[in-house]
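Participant: Given chain A, put chain B in place with the hints provided.
Residue numbers (the working numbering), protein chains in the order written: chain A, 1 to 236; chain B, 1 to 243.
Read the hints as simulated data drawn from the structure, not as lab findings.
Stretches of chain A that chain B covers, calculated by requiring three or more beta carbons in the stretch to come under 8 Å of a beta carbon on chain B:
1. 24-35
2. 67-80
3. 173-186
All C-beta atoms, glycine included, are put in the ideal place defined by N, C-alpha and C.
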Amino acid sequence: MIGKLILTDLMKIRRKGIWFLAVLGPFGVVALQMVNYGLRKDWFIQQDTYSWFYYIRNVNAFTPFALVLGIVILTSFMASIENETNSWKQIIALPVSKWSVYLSKYTTLTILLVFATCLLTLFSVCFGIFLGLEGEVLFLDLIKYSFYTFLASMPILGLQLWISIISQNQGIPITFGVIGVILTYMAYFLPDWMIWKWPSLENQWDEPLINACFGLAVGLAIYVFGMLDFIRRDVK
Amino acid sequence: MFSLLQSEWFKLSKSNIIYILLAGPLVGLLIGLTGNESIFPDEVNQWTGALLMMNLTYALLFLPLITGVLAATICRYEHQAGGWKQLLSLPVTRGKVFVSKYMLLMLLILAIQVLYLGSLLVVGLIHGYTDAFPMEIVWKSIIGGWVATLPLVALQLWMSLLFKSFAGSFAVNVIFTLPTILAINSERFGPYYPWAQPVFMMNVGGDTSSTFFIPWEQLLMVVGGSFLLFFIGGFIYFQRKAV
Chain A
1 MIGKLILTDL
11 MKIRRKGIWF
21 LAVLGPFGVV
31 ALQMVNYGLR
41 KDWFIQQDTY
51 SWFYYIRNVN
61 AFTPFALVLG
71 IVILTSFMAS
81 IENETNSWKQ
91 IIALPVSKWS
101 VYLSKYTTLT
111 ILLVFATCLL
121 TLFSVCFGIF
131 LGLEGEVLFL
141 DLIKYSFYTF
151 LASMPILGLQ
161 LWISIISQNQ
171 GIPITFGVIG
181 VILTYMAYFL
191 PDWMIWKWPS
201 LENQWDEPLI
211 NACFGLAVGL
221 AIYVFGMLDF
231 IRRDVK
Chain B
1 MFSLLQSEWF
11 KLSKSNIIYI
21 LLAGPLVGLL
31 IGLTGNESIF
41 PDEVNQWTGA
51 LLMMNLTYAL
61 LFLPLITGVL
71 AATICRYEHQ
81 AGGWKQLLSL
91 PVTRGKVFVS
101 KYMLLMLLIL
111 AIQVLYLGSL
121 LVVGLIHGYT
131 DAFPMEIVWK
141 SIIGGWVATL
151 PLVALQLWMS
161 LLFKSFAGSF
171 AVNVIFTLPT
181 ILAINSERFG
191 PYYPWAQPVF
201 MMNVGGDTSS
211 TFFIPWEQLL
221 MVVGGSFLLF
231 FIGGFIYFQR
241 KAV
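Isolated chain A (complex conformation):
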């Protein structure tokens, strides 16, 4: 049942530019580095930072930001498919349970974001090799920084999906998302417990894995909370 629901969700997002956004996001993050390295290549060499280690951290400076924006756009989009045409009733009237409808939306979003994360890893490897950075290619670091960031942003995914689905007016989740983006941008100033800080992989122990683990755990908790609330709610 859940497989078929995911298939219908994937079908609904066809030819709407969603996959294009999932490609554009990671490409944009790497493109910012293309500009960065294109303009300041000599400066990096001079500073002795023309290496994979610093390159990965430079890429990762923009990843949280692009990822949170992507989450805001995609969650609002997934919810607006049903909101716009008032077809929540139709879906719920099918012989499917409400939790599986919610889970299917969540899974579809996860598929899109994992796809984008894989592309980010791929694009950054390609551009890094093109640059001819010093030293060995740090594949493990690259994968770590891409996927840990994704895991650490799962609480935001759960929260945005819940707000988008329960809001009639999509202006509310998007405004909330904009505030979240600003918080992500200011991650450096935020206390460790705020979920918007987590995608930056910064914490007082200097251990990115903590952010990823907490992200996964809290993300799933928020998901369950959102799903239970959705089950309780009346659809319009």
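Facilitator: Just chain B, lined up with the frame of chain A:
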């Protein structure tokens, strides 16, 4: 024309627009209270220092992004259940509908700017600033930032007419807003990028040697030029749009 504006106002008062407007001062407070303004030397006026620090995030990200949300919000009623048909079957021209929506949007942006000024005052009161409040902030930063959003609002109104969903027009907005982070660091490209103009216009201090000082003529040319382009583009699109 006046009655069109009035009807837009009625539609607005029933939506949740007030929460969106309040996001402006909320973001201002967040940055103002958590940020670190001691990066500026002592001789810089405390109010100016706080504003410069707050502007870095507010003008760079928040203001351009929120224009899109507001534009999509005021087109929401029409996109639902054939609202365009109803509105355009009234004895009004499409041009007037477009212009009145645009004027309403600019009013909302002005309200956000004034609320942002309010948040600056609150930040100052909480921190207990003793310096004299420079009135230049109001004219240059608040009004300047407002003028800088003229082209952004025009493009976002166009996109909101084009896309039914919030996510669509917001995605376009994000695609143009993100490169600003790099654009403002580039002396060659930055001054010509319309989405970077709020940062430049809201900058205060008037120190000609600072990197952010851009001549007014150039700003007005970029803002004015892109405004005409986006406004006329949206206007023509709306004339031809099938409802």
